[in-house]
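Heads up: the sequence shown begins at 8 in the working numbering, then just goes up one per residue.
Simulated from the structure, these hints should not be mistaken for laboratory data.
Just to be clear, a hint being listed does not mean it is correct.
Said to hold, decoys possible - Only pairs whose alpha carbons sit at most 30 Å apart, straight line, appear in this in silico DSSO-like list of lysine-lysine: (1) Lys201 x Lys222; (2) Lys63 x Lys92; (3) Lys207 x Lys169; (4) Lys92 x Lys188; (5) Lys63 x Lys188; (6) Lys121 x Lys180; (7) Lys171 x Lys92; (8) Lys121 x Lys38; (9) Lys207 x Lys180; (10) Lys171 x Lys121; (11) Lys180 x Lys201; (12) Lys38 x Lys68; (13) Lys63 x Lys180; (14) Lys92 x Lys173; (15) Lys201 x Lys169; (16) Lys171 x Lys43; (17) Lys222 x Lys180; (18) Lys188 x Lys201; (19) Lys68 x Lys43; (20) Lys188 x Lys121; (21) Lys207 x Lys121; (22) Lys222 x Lys173; (23) Lys188 x Lys169; (24) Lys53 x Lys43.
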Amino acid sequence: MKNNMSLLLLTLYFCLNINGQNYRTNACLPKKVLSKIHHMYNIGIKEHSTIVNLSKINESKHDGVYSFRLSYRPHYSNRMFILYKEVPYSLENIGFEDPVRVIEETCNFISSLKLSSADTDSVLVGLSLYIYEEYGLNYGAHNSAIETPDLHNELEKEEYYKTKIKNIESINKTAIEIVGKRDDFPNSIITTIKDRQYNKEEAIALLGFIAELVKRNQIQNKRQGFYLHSHPQNTNIGETCV
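Whole structure, please, built from the sequences with the hints as guidance.
Structure below.
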């Protein structure tokens with residue numbers, strides 16, 4: 008019963024965020040940033056592309072996690088990149104092919120740039136949405152290494168996904184432990200996936216639970232910040248609270 012409830016909550020988290028209004032809006036980025044992105048993917052600036060913001064980094068105007076895809080090309084798979092200080096960083100691995108390697112590559116990126124806890128959380132939220140949405144797609148590729156069938160709708164995807172996860176409740180508890188400790192956060196995720204020999208579905212579930220937890224913390228922190236801003240404490244006469 009607990010397993011079913013945990014899986015239901017996880018699927019609900021993915022569906023609500025992936026189908027949310029902001030997620031589907033094509034990102035508006037400055038021309039100089041767009042030029043860098045097109046150069047990064049070795050395509051002309053006049054090529055039509057769809058760039059979608061998956062998560063914002065620290066409420067920055069442009070920094071965040073994005074997906075990138077060439078328009079009108081059904082076999083061109085969705086790529087994920089991270090925009091940090093308006094510099095785009097691409098991932099070598101692709102979500103539909105190997106989500107576990109995408110997770111590992113992103114965690115290494117977080118460690119290499121020594122991102123803050125808040126920025127790390129934002130990147131993990133975007134990453135979780137990207138790898139879940141790409142799960143079950145094959146973009147017309149005929150590759151025996153891609154075991155997942157081409158799933159055409161969310162119901163097919165959810166039903167198939169559930170059959171591949173052994174103990175969803177245990178994965179949920181592990182996510183809570185990782186978020187609670189926060190010791191070497193990115194490496195803890197990589198180590199957990201390797202040591203427990205998670206398959207790609209279980210790795211996606213772990214990221215989903217972690218993202219849901221850190222997003223909940225982000226909302227709570229915003230509320231606390233708004234309360235402190237509205238109710239300043241210990242303010243001396245003549246001082247201004249900003």
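Given pair status - lysine 201, lysine 180, alpha carbons within 30 Å: holds (17 Å)
Proposed proximity, lysine 92 with lysine 171 (alpha carbon, max 30 Å): violated (38 Å)
Pairwise hint evaluation, lysine 180 against lysine 222, where the allowed Cα distance is 30 Å at most: holds (17 Å)
30 Å Cα cutoff - pair lysine 222, lysine 173: holds (25 Å)
Lysine 121 paired with lysine 180 [C-alpha distance capped at 30 Å]: holds (26 Å)
Pair hint lysine 188 and lysine 169, alpha-carbon separation not exceeding 30 Å: holds (28 Å)
Given hint lysine 121 paired with lysine 207 - CA-CA distance at most 30 Å: It holds: about 26 Å lies between the C-alpha atoms, which stays within 30 Å.
30 Å Cα cutoff - pair lysine 201, lysine 169: OK: lysine 201 and lysine 169 at ~21 Å, within 30 Å.
Restraint status (C-alpha distance of lysine 63 to lysine 188 at most 30 Å): Since the Cα atoms of lysine 63 and lysine 188 sit roughly 24 Å apart, the hinted pair holds (cutoff 30 Å).
Hint consistency between lysine 68 and lysine 43 [alpha-carbon to alpha-carbon, up to 30 Å]: holds (17 Å)
Restraint check for lysine 121 with lysine 38, where alpha carbons must lie at most 30 Å apart: With Cα atoms ~28 Å apart, lysine 121 and lysine 38 stay inside 30 Å; holds.
Hinted pair lysine 207 and lysine 169, Cα distance within 30 Å: holds (12 Å)
Consistency with the previously given hints fails for numbers 7, 10, 14, 16, ordered from lowest to highest.
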